[in-house]
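J.: Mind docking chain B on chain A? Use the hints.
In order, the protein sequences belong to chains A and B.
Here the numbering used here runs 1 ahead of the position in the first sequence, where the first position is 1.
Here the numbering used here runs 5 ahead of the position in the second sequence, where the first position is 1.
Hints listed in this document are in silico derivations from the structure and should not be mistaken for laboratory results.
Errors might be hidden in some of the hints.
[Unchecked claim] Straight-line C-alpha distance at most 30 Å; calculated BS3-like pairs for lysine-lysine:
#, chain 1, residue 1, chain 2, residue 2
1, B, 43, B, 61
2, B, 165, A, 107
3, A, 71, B, 43
4, A, 107, A, 71
[Unchecked claim] Distance ranges between label pairs, derived from CB positions:
#, chain 1, residue 1, chain 2, residue 2, range
5, B, 266, A, 200, 49 to 59 Å
6, A, 16, B, 426, 36 to 46 Å
7, B, 161, A, 200, 48 to 58 Å
8, B, 235, A, 60, 31 to 41 Å
9, A, 16, B, 119, 47 to 57 Å
10, A, 76, B, 409, 41 to 51 Å
11, B, 145, A, 177, 17 to 27 Å
12, A, 160, B, 15, 26 to 36 Å
13, B, 266, A, 67, 52 to 62 Å
14, A, 160, B, 409, 18 to 28 Å
15, B, 266, A, 242, 42 to 52 Å
Predicted model only: the values in this text are computed from it and were never measured.
Think of the CB as a built atom: it goes at the ideal place given N, C-alpha and C, for glycine as much as any other residue.
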Amino acid sequence: MPGIEVSCEDIRKSFGATDAVSPFTVTFTAGSTTALLGPSGCGKSTILRMIAGLERPDAGRIAIGGESPKVVARRGGLAMAFQDPSLLPWRSVRSNIALGAELARKPADRVEHLIDLVGLSGFAGHRPAELSGGMRQRAAIARSLISNPDLLLLDEPFGAVDAMTRRRLNADLPPVWSETGATAILVTHSVDEALLLSDRILVLSARPARIVSDIPVDLPSGAHQRNSEAEAYRAIRSGVLNALEETF
Amino acid sequence: MQRVRQGSLVLVVLVLWQVLAGAGDDNLLISSPMAILKYLAEHRVVLARATLETSKNAGLGFLWGNLAAVILAGCIIVVPSSGRFVSAVALLVFSVPLIASGPILRVLYGPGIGPQVTLAALAVYYTTFLALLVGLRAVPRSWVDLVAIYGHGPLVTLAKVRARASLPYLFAGLQIAAPAAFLGAMIGEFTGAERGLGVLTLRAMRGLETDATWTLAGLSALISILAYAALGRFRDWVVGYRPVILLSPPNEAGGRSRLMRLIEAPLIILLVLAIWQLSMDLAGLNSFFAKRPGDIWMFLREAAHRETLFAAMGQTLVLALPGYIAGLFLGAGLAALLVLVPAAATATMPVAVALRSVPIITTAPLLLLAFGRGAVGTIVVVAVMIFFPTLVACLQGLRQTPGQIADVFSSYGASRLRLLVFAQIPAMLPAFFASARMAIPAALLAVTTAEWLATGKGIGVLMALTASTSNYNMLWSCVVLLCVVSAGSYAVLSFCERALLRVYASEQVV
Numbered sequence: 002m003p004g005i006e007v008s009c010e011d012i013r014k015s016f017g018a019t020d021a022v023s024p025f026t027v028t029f030t031a032g033s034t035t036a037l038l039g040p041s042g043c044g045k046s047t048i049l050r051m052i053a054g055l056e057r058p059d060a061g062r063i064a065i066g067g068e069s070p071k072v073v074a075r076r077g078g079l080a081m082a083f084q085d086p087s088l089l090p091w092r093s094v095r096s097n098i099a100l101g102a103e104l105a106r107k108p109a110d111r112v113e114h115l116i117d118l119v120g121l122s123g124f125a126g127h128r129p130a131e132l133s134g135g136m137r138q139r140a141a142i143a144r145s146l147i148s149n150p151d152l153l154l155l156d157e158p159f160g161a162v163d164a165m166t167r168r169r170l171n172a173d174l175p176p177v178w179s180e181t182g183a184t185a186i187l188v189t190h191s192v193d194e195a196l197l198l199s200d201r202i203l204v205l206s207a208r209p210a211r212i213v214s215d216i217p218v219d220l221p222s223g224a225h226q227r228n229s230e231a232e233a234y235r236a237i238r239s240g241v242l243n244a245l246e247e248t249f
Numbered sequence: 006m007q008r009v010r011q012g013s014l015v016l017v018v019l020v021l022w023q024v025l026a027g028a029g030d031d032n033l034l035i036s037s038p039m040a041i042l043k044y045l046a047e048h049r050v051v052l053a054r055a056t057l058e059t060s061k062n063a064g065l066g067f068l069w070g071n072l073a074a075v076i077l078a079g080c081i082i083v084v085p086s087s088g089r090f091v092s093a094v095a096l097l098v099f100s101v102p103l104i105a106s107g108p109i110l111r112v113l114y115g116p117g118i119g120p121q122v123t124l125a126a127l128a129v130y131y132t133t134f135l136a137l138l139v140g141l142r143a144v145p146r147s148w149v150d151l152v153a154i155y156g157h158g159p160l161v162t163l164a165k166v167r168a169r170a171s172l173p174y175l176f177a178g179l180q181i182a183a184p185a186a187f188l189g190a191m192i193g194e195f196t197g198a199e200r201g202l203g204v205l206t207l208r209a210m211r212g213l214e215t216d217a218t219w220t221l222a223g224l225s226a227l228i229s230i231l232a233y234a235a236l237g238r239f240r241d242w243v244v245g246y247r248p249v250i251l252l253s254p255p256n257e258a259g260g261r262s263r264l265m266r267l268i269e270a271p272l273i274i275l276l277v278l279a280i281w282q283l284s285m286d287l288a289g290l291n292s293f294f295a296k297r298p299g300d301i302w303m304f305l306r307e308a309a310h311r312e313t314l315f316a317a318m319g320q321t322l323v324l325a326l327p328g329y330i331a332g333l334f335l336g337a338g339l340a341a342l343l344v345l346v347p348a349a350a351t352a353t354m355p356v357a358v359a360l361r362s363v364p365i366i367t368t369a370p371l372l373l374l375a376f377g378r379g380a381v382g383t384i385v386v387v388a389v390m391i392f393f394p395t396l397v398a399c400l401q402g403l404r405q406t407p408g409q410i411a412d413v414f415s416s417y418g419a420s421r422l423r424l425l426v427f428a429q430i431p432a433m434l435p436a437f438f439a440s441a442r443m444a445i446p447a448a449l450l451a452v453t454t455a456e457w458l459a460t461g462k463g464i465g466v467l468m469a470l471t472a473s474t475s476n477y478n479m480l481w482s483c484v485v486l487l488c489v490v491s492a493g494s495y496a497v498l499s500f501c502e503r504a505l506l507r508v509y510a511s512e513q514v515v
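Here chain B stands alone, though its shape is the one from the complex:
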């Protein structure tokens, strides 16, 4: 019965879509399902080849990125003192928008699939790392004691207990990683590849080919959703159950001394600068395109350079911030509203989960077609990028309200609204902040992508221009500034989060 209902719903949507698309004689915004099918049939060979190419690149990146995530998380568990540094560096690298690292990787690798695979790996490693780390740490203390009582250390605990216990979390990370890998591979293809769905998307966008854009978007979204669903099935088979997973940062064991707190941030910055300098030197990369920290410092001492850079960043932030806030609060707000009507929440969840797994690159061209290539279109792209992950996380967060607390409210005959305001929203806050954190790099990625594809302004365009004119000092400066903005926003958000959670979810604050 459920299947019949879902099938009918899909049919209704397809018919409405067809009618809507046929409303204008020369509809440049919406392609009809029939037009998409026609395009698919006519270009099946090219599309199949491109799909295979992008899937191969995404698959390789998925493997490498997740392998890196597993190694990093394993290192932290075996050597807990490395945790804060490894986490900070991992976050900083993840903060670099793919649009920023793409041109640099293209220069470093030259032609070939290197940038696509690396970008796919960069797009996936952090979410898997975070999910896995939460899972590896989320074991009851008595399980760890059980192993310690026989004289074993962290390695045996990892092998016998933590690794298996973290599987549900690992799969949650892998599910988010699958569409992200596809997104990374497509951005890599944007930077000058010869084949792949990314190349076709760029061509379709620039040629204002609506049918092609819709077909490519649909195809990429379909593959991502299929990968997401396949991993879910595999998880159900391996793990046997479907846990609710919130990607809140794991609590660090033990407090830090005042001295450590003071020197931690400068130490991390120094470490990142050292890794940057040493990796370039050890790889023997030409300083013409592989800029070192010193080069950027010298470059930015010129006031004119700083002005250009900050002006572009200003143009970007003016669009990124409203999009970020709109996406975040619309996602959380809709989740809160949906929970007032539980049947609606249950029905929305699978749709939201499916839409969350659609890579932004595939939807950005459609949104820009629909909302225009100006500020509104860009803000919408950013908001949509953030909206679905936030909605899913907040719906899950709202369900975390302890049953006993809900019972107390019911016993006093409290209304649903009262329960929402006084119990469910506070319970949702950790999930809200977890998505707000993950949304920072996502917003920067979305805004730079939209700028690059459409608006012709902002740091996304500055990067594209400087990459094509070999102005590598400015390109690297853009990357550094984006990292600083990302890390700074992350720090501000963490501060607000700690202040708020101290009141509403003190167990989350160390």
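The following block holds chain A by itself, in its conformation from the complex:
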């Protein structure tokens, strides 16, 4: 499928006296992968949680394919991967991945395929405690993909793994989710991760979050094709870093 347009119109959010997100307007085109980049605590995750329907904006409107997040969630059109893999410790890898389909009320017929795809063959019967951090994160990504969502939300999914594992996951997993064609929104702290995985980078200001810079990533599609030594890559990277510097 899928891929679906997501639009945020003038959304705001505050927690008590603290403004987390100031009027924020953006459209994520269907099938695109957009990275939200910004200083810690700027409100990136809050934006993602509002799009997911986990937080309600104080003002403004969010539409996913013209519908509200709750409606899309109820028909299983959303999936999210968190910084913590959030695997249920009493379930096996297979059963944890199948949980995504169970909750989305969809058949779990792609479990074995996804286990292969994320490189966990041979570990399907293992419990999360028996896996490494990187393997757990792969299982979490597979769980988010099994329901074939229209919109995939990734909240620093590789933030808690070591640099080498992160590098490998950055290379291995994007082809897996691009296979689904879902619209993806990624929150990250890493400029290189954003450059490797996305086709658009939104640099956000310090709290309350607003868009400082909207940078298209015109590079060959797929992390494997993106060479960090290439001139184009370095030019975009430097643009992103400059925009980030303005936020401090």
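T.: Frame of chain A; chain B shown alone:
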């Protein structure tokens, strides 16, 4: 090797016990293991029948009480706004000492096993409720989000995530509940049952039959410990691991408005009074024995009635308070000392856990035999009742000190004592307060039981007397006053706890 060592230790204790018991020709305090075995053999039929009866009553109460706990905790999770009210009412009902509700239930039910089963249920529901609620709430936010992202609400979260995640906590509650159910059933039997270990214990106490008292105490303690251990085994099989569980009250989500804070307490009191009045009216209970709030109000308007009641309560509190403080601080103090010698702490833990599961009713007669039927004996009963749960909770609490903090102390070459004072004791405080809270109703239960069995003074005796003379107004007044004292102490303790934890464990304070 470990087993051989433990076996030798048990043998040494038995030999010492036998020697000690044989020291006096006519020892009225201690029965020897041989005398207990002899009594067991001679009265095996009666004891077996009584054990079966009490176990059946305790088992039924265990089932009903825990079912109620599961339903109450489930309600709070599905309708979070009901949390504070349900918790407050649950606590208030639990605050009524079993000795107080026993005579009333006997009057309400008449003959039969009703009071025994109800008291067993009342003895277990709160600890299971509290443990389960902590467990149901102690799930990472991302697990809840994971379910919400697919458009599901609290019911699916409960079914898919919380229920399974709370199993270790549920089992912790059930383990505490098993001996408590036995205790409840025995108190129910005290109130006028025909059969059961409670009836035999009462008879043995009154007849100063030392061998019988020791045999019955040993038998009840053994059954409770076996139930505790069996549940532990079952938990290991179902859950697969043994988590450290502290029964701290769970944090309520979100703050409350100032108006809500102001009207909350009066609202809860009104709710309890309404439940009291309506349940009596709906059940059509005769107001001769089933007193309503209005009856008690009218009764207590008489100064003479108030004087009798408050004098008895005063006599009770004079004994309960030192026992409560001694039990609490000796438990916490020993835990702190033991942690200075880690090998001693490891060795003490299983013994303390086993002794914690011994119902007070079984030990109270022995303690009263040993320390006399006066103030000292009663204070010791209260202190012992509180000592073991506090010791276990505080030992667990001391282990909660984050490893990194301990590492910082080690890196500066700090002494064990310094680590204890500056890191471990602050880390223990939430566990200490959790046991201090649970100890309030426990202390009132212990003191009223001891009064009833031995001292002949205080509110425990006043209740027994008024029950036997059908002075139901005074009996209900005693129950109400005990509830007020319990709830008031709980409130004062919570205030102190918040003030202290705000400094030492701010994450525990909402």
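J.: So, for every hint listed, does it hold in this structure?
T.: Each hint tested on the structure:
no., hint, verdict
1, B/43 to B/61, "holds, 26 Å"
2, B/165 to A/107, "holds, 16 Å"
3, A/71 to B/43, "violated, 72 Å"
4, A/107 to A/71, "holds, 17 Å"
5, B/266 to A/200: 49 to 59 Å, "holds, 52 Å"
6, A/16 to B/426: 36 to 46 Å, "holds, 37 Å"
7, B/161 to A/200: 48 to 58 Å, "violated, 35 Å"
8, B/235 to A/60: 31 to 41 Å, "violated, 58 Å"
9, A/16 to B/119: 47 to 57 Å, "holds, 52 Å"
10, A/76 to B/409: 41 to 51 Å, "holds, 45 Å"
11, B/145 to A/177: 17 to 27 Å, "holds, 25 Å"
12, A/160 to B/15: 26 to 36 Å, "violated, 53 Å"
13, B/266 to A/67: 52 to 62 Å, "violated, 44 Å"
14, A/160 to B/409: 18 to 28 Å, "holds, 20 Å"
15, B/266 to A/242: 42 to 52 Å, "holds, 50 Å"
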